[in-house]
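Colleague: Sequence:
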Amino acid sequence: MHVTAVTTLLIPRLTAPATPLPVLTALPTALYLDAPEGVVAIVTSPHVLPPLGLALSQPDLDLRHALCDTTVTLGNGHVCIPGLPPSALAPQTERWCPSLAAHLPPHIDLDAIRALLPAMATLTPPPDPALQPVLSRATALFEALRRGNAEAVLARAATLVGLGPGLTPAGDDLLIGLCAALTLLGHALPARQSWLLTLRQQLGRLAPQTTTLSASWLTHAAAGNLQRLLIHTAQALALADAPALAQATRHLMRYGATSGWAMLAGLSQSLAALLT
Numbered sequence: 001m002h003v004t005a006v007t008t009l010l011i012p013r014l015t016a017p018a019t020p021l022p023v024l025t026a027l028p029t030a031l032y033l034d035a036p037e038g039v040v041a042i043v044t045s046p047h048v049l050p051p052l053g054l055a056l057s058q059p060d061l062d063l064r065h066a067l068c069d070t071t072v073t074l075g076n077g078h079v080c081i082p083g084l085p086p087s088a089l090a091p092q093t094e095r096w097c098p099s100l101a102a103h104l105p106p107h108i109d110l111d112a113i114r115a116l117l118p119a120m121a122t123l124t125p126p127p128d129p130a131l132q133p134v135l136s137r138a139t140a141l142f143e144a145l146r147r148g149n150a151e152a153v154l155a156r157a158a159t160l161v162g163l164g165p166g167l168t169p170a171g172d173d174l175l176i177g178l179c180a181a182l183t184l185l186g187h188a189l190p191a192r193q194s195w196l197l198t199l200r201q202q203l204g205r206l207a208p209q210t211t212t213l214s215a216s217w218l219t220h221a222a223a224g225n226l227q228r229l230l231i232h233t234a235q236a237l238a239l240a241d242a243p244a245l246a247q248a249t250r251h252l253m254r255y256g257a258t259s260g261w262a263m264l265a266g267l268s269q270s271l272a273a274l275l276t
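The sequence shown begins at 1 in my numbering and counts up by one.
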């Protein structure tokens with residue numbers, strides 16, 4: 001068994017001397033480890049790599065072999081999960097960069113993006129009553145974005161941190177989508193880049209207010225590093241590739257109970273607000 005894909009952010013950890021890391025959460029398709037640099041994710045599909053993650057070569061594995069009171073050892077090019085054979089970093093292992101900026105074209109047609117956004121606005125949120133507070137507070141966030149008031153954006157964002165259902169609360173996932181929008185437009189609009197990327201960086205200061213897993217992903221998003229499915233969606237928007245966007249949107253909507261929808265809402269509605 002080998003590692004099929006690893007993010008470039010995790011390679012230093014995987015190639016350093018072996019270190020045991022405590023298990024935070026063990027799910028059938030994902031294992032989350034507590035590391036000094038953030039939460040390390042071990043997943044069974046390379047398509048859902050988080051910013052600090054790796055995928056194993058056997059997609060039918062049940063990662064619940066690693067109980068939450070155990071450790072998983074990473075280092076010396078290997079992953080050692082209790083009850084499973086070691087997985088090695090191999091020559092064919094994909095090294096994937098989780099920085100959205102690395103996947104964007106040099107020129108982005110903002111009018112083409114505007115034309116694609118209405119279709120994304122029709123995506124229906126999951127039928128979960130616990131999403132209602134997220135939806136109502138998100139409306140105020142997007143209005144602050146329309147006004148270009150960074151202080152108000154941060155104040156509204158603070159009301160969303162840790163809010164809503166999901167292993168990563170939906171409010172946090174929505175803010176990760178906002179970070180993706182700020183990264184995309186920071187790349188497309190050099191004249192506004194400083195304002196956009198400073199705002200993105202400031203969103204990372206809210207991370208300590210939420211769960212350990214969500215805080216790690218929000219911190220990465222505030223630095224421009226994102227989950228792979230979200231990068232594919234933002235990249236398709238930047239390329240104005242409608243078929244690729246439709247496919248990426250379908251895949252992201254299936255990610256988690258509410259996470260995929262919340263990231264999409266954060267991305268699309270933030271872009272709509274900032275481009276008005």
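No lab work stands behind these hints: they were computed from the structure.
Using N, Cα and C, we set each Cβ at its ideal position, and we do this for glycine too.
It cannot be assumed that every hint is accurate.
[Claimed, not checked] Restraint ranges, calculated between C-beta atoms of paired labels, are given here: (1) Arg64 / Arg254: 34 to 40 Å; (2) Gly148 / Pro59: 22 to 28 Å; (3) Met1 / Ala158: 27 to 33 Å; (4) Ala16 / Leu167: 24 to 30 Å; (5) Thr139 / Ala18: 46 to 52 Å; (6) Ala242 / Gln92: 31 to 37 Å; (7) Ala242 / Cys97: 23 to 29 Å; (8) Ala158 / Thr19: 42 to 48 Å; (9) His78 / Leu167: 23 to 29 Å; (10) Pro82 / Pro59: 18 to 24 Å.
Colleague: The structure should be examined with respect to each hint, and the outcome stated for every one.
Modeller: Checked hints:
Our hint of 34 to 40 Å for Arg64 and Arg254 is violated, since their Cβ atoms are close to 21 Å apart. Between Gly148 and Pro59 the beta carbons are some 45 Å apart, a value that contradicts the proposed interval 22 to 28 Å. Between Met1 and Ala158 the C-beta distance comes to about 43 Å, which lies outside the given range of 27 to 33 Å. Against the hinted window of 24 to 30 Å, the Cβ-Cβ separation of Ala16 and Leu167 comes to about 28 Å, which satisfies the hint.
As the Cβ distance of Thr139 to Ala18 is approximately 49 Å, the hint placing it in 46 to 52 Å holds. A beta carbon spacing of about 33 Å between Ala242 and Gln92 agrees with the range 31 to 37 Å that was offered as a hint. One distance hint, 23 to 29 Å for the beta-carbon pair Ala242 and Cys97, holds here, with the actual separation near 25 Å. Roughly 34 Å separates the CB atoms of Ala158 and Thr19, a value that falls outside the hinted 42 to 48 Å.
The given range of 23 to 29 Å is respected by His78 and Leu167, whose C-beta atoms sit roughly 27 Å from each other. For Pro82 and Pro59, the Cβ-Cβ distance of about 20 Å falls inside the hinted range of 18 to 24 Å, so the restraint holds.
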